[in-house]
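Trainee: Position chain X relative to chain G; hints supplied.
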Amino acid sequence: MRPYFEKMDDFGRELRDGELKRSEENVAQLKEVEADIEKKVEAVKNAGMSTEKINSRGQMTVWQRLEYLVDPGTWCPLHTLYNPEDNPEGTNNVINGIGKISGKWAVIIGFDNKVMAGAWLPGQSDNILRVTDMARRMNLPLVWLVNCSGVQLTTQEKFYANRRGSGTPFFRHADLEQLGIPVLAGIYGTNPAGGGYQGISPTILFAHKDCNIAVGGAGIVSGMAPKGEFDKEYAEGLIETTKHFKANPPGTPKVHYDETGFFRYVYEEEKGVLDGLKEYMKDMPSYNPKFFRVAEPKEPKLPVEDIYRILPFNQKKIYNFDEILARLTDNSENMEYRPDYGPEIYTGLIKIDGFLMAAIGNRQGVMPKGYPEYADYPGIGGKLYRQGLVKMNEFVTLCSRDRIPIIWFQDTSGIDVGDIAEKAELLGLGQSLIYSIQQSCVPQMLVVLRKGSAAAHYVMGGPTANDHNTFTLGTAATEIYVMHGQTAAVASYSRRLVKEKDAGNPIEPVIEQMNAMAQEYHDNSRPDFCAKYGLVDEIIPIANMRKYLIAFAGGVYQNPKSICPQNHMILPRIIKDYKTIKERAQKAEETK
Amino acid sequence: MDILAPLSGKIVGVSVSQGDAIKEDDEAFVIEAMKMETPVYSPGDGTIKEIKVKEGDDVEMDDVLAVIE
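Going line by line, the protein sequences match chains G and X.
Under the working numbering, residues 437 to 1028 are what the first sequence spells out, in order.
Under the working numbering, residues 19 to 87 are what the second sequence spells out, in order.
The set of hints was computed from the structure by calculation and includes no laboratory data.
One should not assume that every hint holds.
Below, a list of computed lysine-lysine pairs in the DSS-like style, where the Cα atoms sit at most 27 Å apart [said to hold, decoys possible]: (1) G:LYS457 <-> X:LYS67; (2) G:LYS968 <-> G:LYS734; (3) G:LYS805 <-> X:LYS70; (4) G:LYS737 <-> G:LYS489; (5) G:LYS805 <-> X:LYS72; (6) G:LYS726 <-> G:LYS443; (7) G:LYS707 <-> G:LYS690; (8) X:LYS53 <-> G:LYS859; (9) G:LYS489 <-> G:LYS679; (10) X:LYS41 <-> G:LYS714; (11) G:LYS663 <-> G:LYS481; (12) X:LYS72 <-> G:LYS457; (13) X:LYS53 <-> G:LYS753; (14) G:LYS752 <-> X:LYS72; (15) G:LYS753 <-> X:LYS72; (16) G:LYS752 <-> X:LYS28; (17) X:LYS28 <-> G:LYS457; (18) G:LYS481 <-> G:LYS714; (19) X:LYS53 <-> G:LYS467; (20) G:LYS1012 <-> G:LYS467; (21) X:LYS72 <-> G:LYS481; (22) X:LYS67 <-> G:LYS1018; (23) G:LYS489 <-> X:LYS53; (24) G:LYS467 <-> G:LYS489; (25) G:LYS983 <-> G:LYS805; (26) X:LYS28 <-> G:LYS714; (27) G:LYS752 <-> G:LYS679; (28) G:LYS457 <-> X:LYS53; (29) G:LYS968 <-> G:LYS481; (30) G:LYS718 <-> G:LYS467; (31) X:LYS53 <-> G:LYS752; (32) G:LYS737 <-> X:LYS41; (33) G:LYS718 <-> G:LYS983; (34) G:LYS737 <-> G:LYS645; (35) G:LYS752 <-> X:LYS41; (36) G:LYS476 <-> G:LYS983.
Please read all numbers here as calculations on a predicted model, not as lab measurements.
The following block holds chain G by itself, in its conformation from the complex:
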């Protein structure tokens, strides 16, 4: 299949002087948002105790542990700003991402030992579930840096129980293990109760000499108020008991290495634990990348930095999606699937770091005359019409058949609406796409380049509507909402305006409410909001977009659960045949 993949079709062109000149403001606007996000990321990194304080105790921080553990240049952080319960600590207290350890991709997660010694905080369990889902979807080892003091007692009602509460990671670890996915854990510090199960539930435990894992902690003076409430007499007694209370934490290496043998290894030094993890990662199941690569990896011919000039910050401006994709793919090459059908959607095969991937994205701008073919109105990019939906259904199904992982790029305002669109079956075709994606069983990721809106955000590989979305990234231009705030305000208040007007009442208060609603939609759809509430898994600098695509491609091809031999693939052949037929028809036309 070398002739298909080694050299695909070139696409994209260099930016012209005029484009460079008029895009300066756009670059500044995008970079301003990125700088604001970076400030927020720094605040998360600096949450809790200082690094110096932790180091003075002879410990490394989680950030230092990650830096030592992960191969340089491979760390792709996720969920950094995820704090859906608005914890005053500014974090849900686990740090995670994808990175290479000893040359192998892994999903990596650790408790922030600077913040309340790595306590369970609200929102954390959902973060952990996202991470275990990632390990399952990518079939990658999950590597833990456990350092968990257990429940933050003052907020336990928010996360202790419930279906997605803090106990769910324990069965998720069991689930991963039953699927053959190893969970490695480096264990530090005191890990009582919930922390104890965080420690025991992984597959192989690498312990630091000063750590413990236990069903319960020793640091709590036991007892309840015998009179049913606390009074001064009780408090005085408690003071005396606490003054003389001393207990060694249970479950140290003395018990769990010498007696139970739960700890496979115990290390004197903090770095020793990490070295142990590194050593084991060398032996994790993986293919040599050459097994799956279809060509030698190549950088794009066009610079990724150009995307700052092509992707408009102004949501109303159109742009050329193909020019963005050409700056992300190896050697700026692609094989487009059915270019003459469903023009509002790009579908095609690309190479990322030498691996064959599929890409799907919204095209922008005015559609060709007569499109959509079922309507008497013109089509505009960002919307989905019948052909685009049919094409995506076909393409996803063929990718599934050929086991090609999919990268989605969204900038969509929704599916075409109205009776004409209903007659064109768009409601059914949207749901068909959800069905096609769900049955595809290939790992997928999504970049919300700009707008993720209406049902189109679901059907185009969104994390809400399928079980294969590994992670979703946003940019400085991302905004996600059910509809634009102004549209929502009109939908909510138009009848009220009529009512007030007919009653002879002033309409200004209603107008004020409409403006307030539009503003609220705006505020609650910004990139930092999307990251905080998990609508995306990370807002990334545009300059790093290809790095995440490489991590995704390398990760999903490291040890795939199901493979299709390159010489058995059907999709590249279909693309080639469409192209040949088209070229022959063009030649015949020219000859006439």
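Mentor: Showing chain X alone in chain G's frame:
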């Protein structure tokens, strides 16, 4: 050589003046339609001889927006 409207809509931006030198692919107009702004680029190099529209004008597809010589 004419700059034509690629779609129907309202002119919301005019970035050229009569007598301006213009190059191929320079942005000359912006048309708003269906809530989106579509830039209109020069089809070639030349000088703006005449501008036939102003901001706020409604235009139909293929209307002449400007003449280049």
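Trainee: So, for every hint listed, does it hold in this structure?
Mentor: Here is what the structure says about each hint:
With a C-alpha separation of about 24 Å, the suggested pair LYS457 (chain G) and LYS67 (chain X) falls inside the 27 Å cut-off, and the hint holds. In summary, the hint linking LYS968 (chain G) to LYS734 (chain G) is not supported, as the alpha carbons are separated by about 35 Å, beyond the 27 Å threshold. The hinted pair formed by LYS805 (chain G) and LYS70 (chain X) meets the criterion: a straight-line CA distance of about 24 Å does not exceed 27 Å. Distance hint between LYS737 (chain G) and LYS489 (chain G) is unfulfilled; the C-alpha atoms sit about 47 Å from each other, more than 27 Å.
For a cut-off of 27 Å, the pair hint linking LYS805 (chain G) to LYS72 (chain X) stands: about 25 Å separates their Cα positions. In summary, the hint linking LYS726 (chain G) to LYS443 (chain G) is supported, as the alpha carbons are separated by about 17 Å, within the 27 Å threshold. Using a Cα cut-off of 27 Å, the hinted pair LYS707 (chain G) and LYS690 (chain G) holds, with the two alpha carbons roughly 20 Å apart. At most 27 Å may separate the alpha-carbon atoms for a hinted pair to count; LYS53 (chain X) and LYS859 (chain G) meet this at roughly 24 Å.
As the CA atoms of LYS489 (chain G) and LYS679 (chain G) are separated by approximately 26 Å, the hinted pair is consistent with the 27 Å bound. Distance check on the hinted pair: LYS41 (chain X) and LYS714 (chain G) sit about 58 Å apart at the alpha-carbon level, beyond 27 Å; violated. For the suggested pair LYS663 (chain G) and LYS481 (chain G), the alpha carbons sit about 45 Å apart, so the restraint of at most 27 Å is broken. Straight-line distance between C-alpha atoms of LYS72 (chain X) and LYS457 (chain G) comes to about 24 Å, which keeps the hinted pair within the 27 Å bound.
Only pairs whose Cα atoms come within 27 Å are accepted, and LYS53 (chain X) paired with LYS753 (chain G) is accepted, the gap being roughly 9 Å. At most 27 Å may separate the alpha-carbon atoms for a hinted pair to count; LYS752 (chain G) and LYS72 (chain X) meet this at roughly 20 Å. This hinted pair checks out: LYS753 (chain G) and LYS72 (chain X) have alpha carbons roughly 20 Å apart, not beyond 27 Å. For a cut-off of 27 Å, the pair hint linking LYS752 (chain G) to LYS28 (chain X) stands: about 14 Å separates their Cα positions.
The hinted pair formed by LYS28 (chain X) and LYS457 (chain G) meets the criterion: a straight-line CA distance of about 25 Å does not exceed 27 Å. The hinted pair formed by LYS481 (chain G) and LYS714 (chain G) meets the criterion: a straight-line CA distance of about 24 Å does not exceed 27 Å. Of the pairs offered as hints, the one joining LYS53 (chain X) and LYS467 (chain G) holds, with about 25 Å between alpha carbons and a cut-off of 27 Å not exceeded. For the hint pairing LYS1012 (chain G) with LYS467 (chain G), the CA-to-CA distance comes to about 40 Å; that exceeds 27 Å, so the pair is violated.
Simply put, LYS72 (chain X) and LYS481 (chain G) have alpha-carbon atoms about 52 Å apart, too far for the 27 Å limit, and the pair is violated. For the proposed pair LYS67 (chain X) and LYS1018 (chain G), the alpha carbon gap of about 40 Å is over 27 Å, so the pair is violated. Proposed proximity of LYS489 (chain G) and LYS53 (chain X) is contradicted: the alpha carbons are some 54 Å apart, above 27 Å. Proposed proximity of LYS467 (chain G) and LYS489 (chain G) is contradicted: the alpha carbons are some 34 Å apart, above 27 Å.
The straight-line distance between the Cα atoms of LYS983 (chain G) and LYS805 (chain G) is roughly 38 Å, outside the 27 Å bound, and the hint therefore fails. Distance restraint check for LYS28 (chain X) and LYS714 (chain G): the Cα-Cα separation of roughly 62 Å exceeds the 27 Å cut-off, and the hinted pair is therefore not satisfied. Note on LYS752 (chain G) and LYS679 (chain G): the hinted pairing is violated, with a Cα-Cα distance of about 66 Å set against a maximum of 27 Å. Simply put, LYS457 (chain G) and LYS53 (chain X) have alpha-carbon atoms about 25 Å apart, close enough for the 27 Å limit, and the pair holds.
For the hint pairing LYS968 (chain G) with LYS481 (chain G), the CA-to-CA distance comes to about 15 Å; that is within 27 Å, so the pair holds. Under the criterion of a C-alpha separation no larger than 27 Å, the hint pairing LYS718 (chain G) with LYS467 (chain G) is inconsistent with the structure, at around 38 Å. For the hint linking LYS53 (chain X) to LYS752 (chain G), the alpha-carbon distance of about 7 Å falls within 27 Å, and the restraint holds. Distance check on the hinted pair: LYS737 (chain G) and LYS41 (chain X) sit about 25 Å apart at the alpha-carbon level, within 27 Å; holds.
The hinted pair formed by LYS718 (chain G) and LYS983 (chain G) meets the criterion: a straight-line CA distance of about 22 Å does not exceed 27 Å. Annotation: proposed proximity of LYS737 (chain G) to LYS645 (chain G) is violated, straight-line Cα distance about 51 Å (limit 27 Å). With a C-alpha separation of about 25 Å, the suggested pair LYS752 (chain G) and LYS41 (chain X) falls inside the 27 Å cut-off, and the hint holds. Pair hint LYS476 (chain G) plus LYS983 (chain G) holds up; C-alpha atoms about 21 Å apart against a cutoff of 27 Å.
Violated hints for the displayed structure, listed by number in ascending order: 2, 4, 10, 11, 20, 21, 22, 23, 24, 25, 26, 27, 30, 34.
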